[in-house]
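If you're matching them up, the sequences are chains A and B in order.
So that you can map any letter, position 92 of the first sequence is 109 in the working numbering, and since no number is skipped, the others follow by simple counting.
So that you can map any letter, position 177 of the second sequence is 194 in the working numbering, and since no number is skipped, the others follow by simple counting.
Just to be clear, a hint being listed does not mean it is correct.
[Said to hold, decoys possible] Label pairs and their calculated CB-CB ranges: (1) A/GLN247 - B/VAL185: 42 to 48 Å; (2) A/LEU148 - B/PRO188: 16 to 22 Å; (3) B/GLN256 - A/GLU242: 34 to 40 Å; (4) B/SER59 - A/PRO188: 23 to 29 Å; (5) B/GLU36 - A/LEU148: 56 to 62 Å; (6) A/LYS29 - B/GLN256: 40 to 46 Å; (7) B/LEU246 - A/SER32: 35 to 41 Å; (8) A/GLU242 - B/LEU33: 53 to 59 Å; (9) A/GLN247 - B/ASN26: 48 to 54 Å; (10) A/ASN248 - B/THR57: 51 to 57 Å.
No lab work stands behind these hints, which were simulated from the structure alone.
From the three backbone atoms N, C-alpha and C, an ideal C-beta is built for every residue, glycine too.
2 protein chains.
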Amino acid sequence: MKVSTSKDNNLKTASLFIERAKLSEAEIIVLPEMFNTPYTKSHMINYAEEGQGKAYKFLKENSKGIILIGGSIPEKDGENIYNTTFAFENGIEIGKYRKINLFDVDYDKICFQESGFITPGENTTVIKTSLGKIGLAICFDLRFPDLFQKMEEENPFLYIVPAAFNNVSGPAHYKLLARSRGLDTQSFIALCSPASDLNAEYCPYGHSLITDPWGNVLSEMDETEGIVLQNIDKEYVNQIRCELPIKKKLIK
Amino acid sequence: MKVSTSKDNNLKTASLFIERAKLSEAEIIVLPEMFNTPYTKSHMINYAEEGQGKAYKFLKENSKGIILIGGSIPEKDGENIYNTTFAFENGIEIGKYRKINLFDVDYDKICFQESGFITPGENTTVIKTSLGKIGLAICFDLRFPDLFQKMEEENPFLYIVPAAFNNVSGPAHYKLLARSRGLDTQSFIALCSPASDLNAEYCPYGHSLITDPWGNVLSEMDETEGIVLQNIDKEYVNQIRCELPIKKKLIK
């Protein structure tokens, strides 16, 4: 989805995509990083919500009958703001993850210091769902293999990573990082990005995609709005871990 | 280089390539994994040499005036055989690395159990050269980010990885792993493979290549014999680590 400057419109857009995905019988639905706010300092600060705010309730409501990984939203906790993924299954919160590795870069036309206003999380999160264990990470976290190694202790079959790359890091690293984290962990990886918006202050790369435990891309979007719909064969995780053993446990 | 079944011929071929690279003013020269023996159990056992054998002396001799990373050779130590990289600078041994993660796979037409006759090494190796620190790994090691994380403590600017992938794992993972280890460590990565040989019992993938700290491929071979000659700008390591800071120390 394309993220607008209106928080309410963003929730409305998200609900339309969730409905469309449900009609396609999706069982796990993933929204993009910062799906309810433009990726700018001022918007993230202004749109942050304490506790169970509007976006939280929206996600809870919309998770009826499915697993919903709510992209991420700015979450207020006292003085701090976090970049947080909330996960729900059938109306119940089943976990949340606060982005640990914040996006601080200064390269070729893009300078951004997320750590200037976002507080880093402290704990990795692997959620238990009715379909199996899923590791959660956000965007810049993809650059840290040790974060995934920590999550591997709980042995998820799938990592879901809301990720708003940009038009420098996107073409260079987005697919490479998805494939390499998938190959390293011999798991599925799903990246979900806001659609490109050349008028936005920060233009996301788009290109949501899903990779498999052999490092192949299964499906991908271009930079526009849309849905990546992909069947996942959990048993393929174990097949690859048997054929190419690199010290991974089998999933149950 | 193409590896033949004659150990002596392989040393001869290697010396010709080393001479050619020296004429191009190469300062660091890298040979392929198991450059003196076909990649088969029987050859590796038969061609293994104790202590300072023929291949060792050959490498030492040929390292005059350069840094020579001697691909790897089967190294005998008492009852054990290791898959070992010896490194020399100007006639002096400056380090050796025994492959830790052995090649045990059973997939699509290729089944190989290196651990059936090779003993795994126990220690990572980062060598100090007159041009800077270089981390050493071999082939299957590329699949283990934690091995590179351990070497990162000594902060090399370059990792050299003799690597005889095959025609299944090669097209699927060879370049992906080089680029991802380079991006994860924000360092240069050089992979050196024997040339393809469709008549060999184990046909190497070829495609020796060098990647940079941004994850780009700088130069690569096809599957035939040849030399990848590449200038490396060490300062580019620090540039990337400043522009895209992911907790790496700067190199000196």
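A quick look at each hint next to the structure:
| no. | hint | result |
| --- | --- | --- |
| 1 | A/GLN247 - B/VAL185: 42 to 48 Å | violated (24 Å) |
| 2 | A/LEU148 - B/PRO188: 16 to 22 Å | violated (32 Å) |
| 3 | B/GLN256 - A/GLU242: 34 to 40 Å | holds (36 Å) |
| 4 | B/SER59 - A/PRO188: 23 to 29 Å | violated (47 Å) |
| 5 | B/GLU36 - A/LEU148: 56 to 62 Å | holds (60 Å) |
| 6 | A/LYS29 - B/GLN256: 40 to 46 Å | holds (44 Å) |
| 7 | B/LEU246 - A/SER32: 35 to 41 Å | violated (57 Å) |
| 8 | A/GLU242 - B/LEU33: 53 to 59 Å | holds (58 Å) |
| 9 | A/GLN247 - B/ASN26: 48 to 54 Å | holds (50 Å) |
| 10 | A/ASN248 - B/THR57: 51 to 57 Å | violated (40 Å) |
The structure fails to meet hints 1, 2, 4, 7, 10 from the earlier list, while all remaining hints are met.
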